[in-house]
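Q: Each chain, letter by letter, is given below.
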Amino acid sequence: MNILYFLIGCSIVVALLFLAAFFWSIRNGQHDDMHTPAIRILFEDDKPEEKIDPLSLKKPRPKESQS
Amino acid sequence: MAVTTSTAANCYHCGTTCEDNQYILDDKPFCCAGCRSVYQILSENNLCNYYQYNDTPGQRTETQQRFDYLDEPSIISKLIDYTDKEITVITFYIPSIHCSSCIWLLEHLHKLDNSIIHSRIDFLKKEVNITFRHNQLSLRKLVELLSAVGYEPLISQQDVVKEKKHSVNHSLIKRIALAGFCMGNVMLFTFPEYLGLSSFERQFQFLFGWLNLAFSIPVVFYSARDFFTSAWASLKNKIINLDTPLALIIAVLFLRTAFEVITKTGPGFADTLTGLVFLLLMGRWVRQRTYHHLSFERDYRSYFPVGVTLLKEGKEKAAAIDDINIGDRMLIHNNEIVPADSILMKGEGWFDFSFVTGESAPVQKVLGEIVYAGGRQLGEAVEMEVVKPVSQSYLTGLWNNETFTSSDSKIRNFNDSIAKYFSYAVLVIAFGSAIFWMMQGSSGKAWAAFTAVIIVACPCVIALSTPFTLSAVLGIFDKNRFYLKNTDVVEQLARINTLVFDKTGTITAPQASTLKFSGKLTEFQKELIASLARNSMHPLSREIIKGLKADTFYTVNNYREIAGKGISGIIKGHSVVMGSALFTGAEFTDTADSSTVHISIDDDYLGCFKIKQQWRSGLKAMLNSFGPDYKFHLISGDNETDRKDLAEIFPAKTPLSFKQSPQDKLEYIQQLQQTGRKVMMLGDGLNDAGALKQSDLGVAVTDNINNFNPGCDAILDSSSLPEMPRFIKQAEHGVRTIKKSFGIALIYNLAGIYFAVQGTLSPLTAAVLMPLSTITIITFTSISTHYFAKKNQLK
Numbered sequence: 001m002n003i004l005y006f007l008i009g010c011s012i013v014v015a016l017l018f019l020a021a022f023f024w025s026i027r028n029g030q031h032d033d034m035h036t037p038a039i040r041i042l043f044e045d046d047k048p049e050e051k052i053d054p055l056s057l058k059k060p061r062p063k064e065s066q067s
Numbered sequence: 068m069a070v071t072t073s074t075a076a077n078c079y080h081c082g083t084t085c086e087d088n089q090y091i092l093d094d095k096p097f098c099c100a101g102c103r104s105v106y107q108i109l110s111e112n113n114l115c116n117y118y119q120y121n122d123t124p125g126q127r128t129e130t131q132q133r134f135d136y137l138d139e140p141s142i143i144s145k146l147i148d149y150t151d152k153e154i155t156v157i158t159f160y161i162p163s164i165h166c167s168s169c170i171w172l173l174e175h176l177h178k179l180d181n182s183i184i185h186s187r188i189d190f191l192k193k194e195v196n197i198t199f200r201h202n203q204l205s206l207r208k209l210v211e212l213l214s215a216v217g218y219e220p221l222i223s224q225q226d227v228v229k230e231k232k233h234s235v236n237h238s239l240i241k242r243i244a245l246a247g248f249c250m251g252n253v254m255l256f257t258f259p260e261y262l263g264l265s266s267f268e269r270q271f272q273f274l275f276g277w278l279n280l281a282f283s284i285p286v287v288f289y290s291a292r293d294f295f296t297s298a299w300a301s302l303k304n305k306i307i308n309l310d311t312p313l314a315l316i317i318a319v320l321f322l323r324t325a326f327e328v329i330t331k332t333g334p335g336f337a338d339t340l341t342g343l344v345f346l347l348l349m350g351r352w353v354r355q356r357t358y359h360h361l362s363f364e365r366d367y368r369s370y371f372p373v374g375v376t377l378l379k380e381g382k383e384k385a386a387a388i389d390d391i392n393i394g395d396r397m398l399i400h401n402n403e404i405v406p407a408d409s410i411l412m413k414g415e416g417w418f419d420f421s422f423v424t425g426e427s428a429p430v431q432k433v434l435g436e437i438v439y440a441g442g443r444q445l446g447e448a449v450e451m452e453v454v455k456p457v458s459q460s461y462l463t464g465l466w467n468n469e470t471f472t473s474s475d476s477k478i479r480n481f482n483d484s485i486a487k488y489f490s491y492a493v494l495v496i497a498f499g500s501a502i503f504w505m506m507q508g509s510s511g512k513a514w515a516a517f518t519a520v521i522i523v524a525c526p527c528v529i530a531l532s533t534p535f536t537l538s539a540v541l542g543i544f545d546k547n548r549f550y551l552k553n554t555d556v557v558e559q560l561a562r563i564n565t566l567v568f569d570k571t572g573t574i575t576a577p578q579a580s581t582l583k584f585s586g587k588l589t590e591f592q593k594e595l596i597a598s599l600a601r602n603s604m605h606p607l608s609r610e611i612i613k614g615l616k617a618d619t620f621y622t623v624n625n626y627r628e629i630a631g632k633g634i635s636g637i638i639k640g641h642s643v644v645m646g647s648a649l650f651t652g653a654e655f656t657d658t659a660d661s662s663t664v665h666i667s668i669d670d671d672y673l674g675c676f677k678i679k680q681q682w683r684s685g686l687k688a689m690l691n692s693f694g695p696d697y698k699f700h701l702i703s704g705d706n707e708t709d710r711k712d713l714a715e716i717f718p719a720k721t722p723l724s725f726k727q728s729p730q731d732k733l734e735y736i737q738q739l740q741q742t743g744r745k746v747m748m749l750g751d752g753l754n755d756a757g758a759l760k761q762s763d764l765g766v767a768v769t770d771n772i773n774n775f776n777p778g779c780d781a782i783l784d785s786s787s788l789p790e791m792p793r794f795i796k797q798a799e800h801g802v803r804t805i806k807k808s809f810g811i812a813l814i815y816n817l818a819g820i821y822f823a824v825q826g827t828l829s830p831l832t833a834a835v836l837m838p839l840s841t842i843t844i845i846t847f848t849s850i851s852t853h854y855f856a857k858k859n860q861l862k
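The listed protein sequences derive, respectively, from chains A and B.
For the first sequence, the working numbering begins at 1 and goes up steadily by one.
For the second sequence, the working numbering begins at 68 and goes up steadily by one.
Worth flagging that the hints you see were computed from the coordinates, not collected in a lab.
None of these values were measured; they are calculated from a predicted model.
One or more of the hints may lead you astray.
Said to hold, decoys possible - Taking beta-carbon pairs under 8 Å as the criterion, some of the chain A residues facing chain B (in silico):
{"id": "1", "residue": "PHE22"}
{"id": "2", "residue": "PHE23"}
{"id": "3", "residue": "ASP33"}
{"id": "4", "residue": "ILE39"}
{"id": "5", "residue": "ILE41"}
Think of the CB as a built atom: it goes at the ideal place given N, C-alpha and C, for glycine as much as any other residue.
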């Protein structure tokens, strides 16, 4: 049964990882706007013949709001 | 003589009925040049998808602001979020964002101008965050581009002072997440203990104990930190608030858990501790409900622009409002707001003080007259000399009143007042049982009983029932378009016994004014007048068109508009003149009232239009449905012309005061309060701001909740004004529900104390009692709140 010590340790580490992921997502502002992404996903993609501006993909990180 | 009857066609851009077929592009009808030019810009840039997601997504824009001041580096630096050598990030508030097309277009701005790298919308907050290369596109050009496609950002003084609200909310969510996480883990480790451990599993007992203690540490020192700081602060002021007993319980729970784990005498109360903190924080979170689209903290700064044009040595120069000094010459263009008290030096002053007084009819000012800050110039650009700096102007001076600087400590709520007695009672029982067991000679039992009493007598149910009940009430008010600043306002609402009304804009409906003509007009004459008025942007002209309901329009020749006087033109061979008495050649000038429009056709004076404000519907019925305990007052900034009408609407002996300045209103409320009345002030304009703030409950009545409101405790959609008596009833029921749930909680507490004083409280009993009472209370409060809502006929 000593394997349980190891398993308990593992489970705590995994749980802590999820907690860290949640904290990161909050810091990152993923929960600031819960409404717009739901609308955004319904838009048609741009037509393929249009060139995609490469710079529009490389977006800078917006300034962190006080953290 | 082309007679163009209006067709049923709607504008392709904004959906307004097109009055003629003047504006057509790509076979699509438009109502005005503005809408057509937006369509033109979009079609040239391949952005017509905008019209695919919604029919007529646009909004008609009538005025174009000037953005000269956005070239001023000192102003730019205050507005932007971030900048480096190449790019700048800025967030704008754009009131006209309203549908998915708006999101689509504003997130494809890079197609309009490739210096815009990225743009992202927050729909609920109506904000757009734009990243652009400032070397290629200046901030002013960016704002002009947004305005050109119909999304003019609102840049005001209060935007400059960025209020970062969400960081507070973030930290609360983090605390809740951590408490919830620890609670879940602690529960898992505690279960074996409750289910009974076989001797073989005993070896895990110590591990679980230590793990539980380890999980409790971040909960106590991070998640529950606010309770300790708040309790400490209130103890220093020698008051006991609800956080005081809560902090005590958390501390006792933690100490006892640590003691039991370290001495290996028991499993401790880690599950109760973490669960308690988690639930308490949830209660706080429910309380902190915010409205993204509403702001209750607005002051004069949000009404005022950021910059103004100054004239220095004959040259125009944009300057930030804070930099205006006495003696500066300002140039105020059409539709700009006068930011500081100043004297009219040059040009025709014709000011709309609707921000200040709620009265939409423009007021004429002559040279040398003082114009108070807040007026909006209509017509040509005027030169004005500043006589008082912005912060000391007549209107803004209100904010320097002590009412605005004192902190918000209006009424102590039920929670805090009961917390005191509760804490004393708990401490007496706890010490009593400890002393009893000491005298029996069992110090171990004394410690157990002392801590157990404190744990089990937890007022957490009160701490939870209040936010849950009040936020349920808030939710019901929401549906009825009555928006409260926070849950404390519900308790204040329940105590109100005096209602003070402002007149203009509050009990009159600015949109529904009636038009009366002093003489008689034939149908044909009406059509002539409507055709002429259609060419003018003046608010009175628009009222006249609306009132005449003409649907046939003729072409106007020789159209002339003289700002501040009137308009004239020749229609179907008839010369039509409308405007001020002098301008139209009226012989009598009995009223200098600015809301009259005189008409003459072919030099024949016909009479004048009078625009009369209409009372909101259901006003009298609302006042009658209040009980006899409620008193009413009316304070208006206007003259007494409506006294007769008002005396009929309000119950007999209602004090009606007229010609009250903003300061008078504030003092009036103060006097009422000194006689012990609990005053609710209903107002709208900035002139009511002082009274709203001074009153026990300030309610801003508005036709469009997204419009600006002065600082207040609640915002009421004007259509829900007749529901006010029911709102107050509902609030009273809410407070009663809290008191009842307190009674229920006491039963649980007494049951717990029965075990506790004997020193036999097992962690299991504590762990069962607490959530059980919590669930009972939350179910009870939400059911009874909704029951009362139905009884009060609220949605």
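Q: Each hint should be assessed against the structure and marked as holding or not.
A: Against the structure, the hints:
With its C-beta approaching chain B no nearer than about 6 Å, A/PHE22 sits inside the 8 Å limit, and its interface hint holds. At a threshold of 8 Å, the smallest CB-CB gap from A/PHE23 to chain B is about 6 Å, leaving the interface hint in force. Because the beta carbon of A/ASP33 sits about 5 Å from the nearest beta carbon in chain B, less than 8 Å, this interface hint is met. A cut of 8 Å between beta carbons decides the hint on A/ILE39: the least distance to chain B is about 5 Å, and the hint holds.
Interface hint at A/ILE41: violated, since its Cβ lies 11 Å from the closest Cβ of chain B, which is beyond the 8 Å cut-off.
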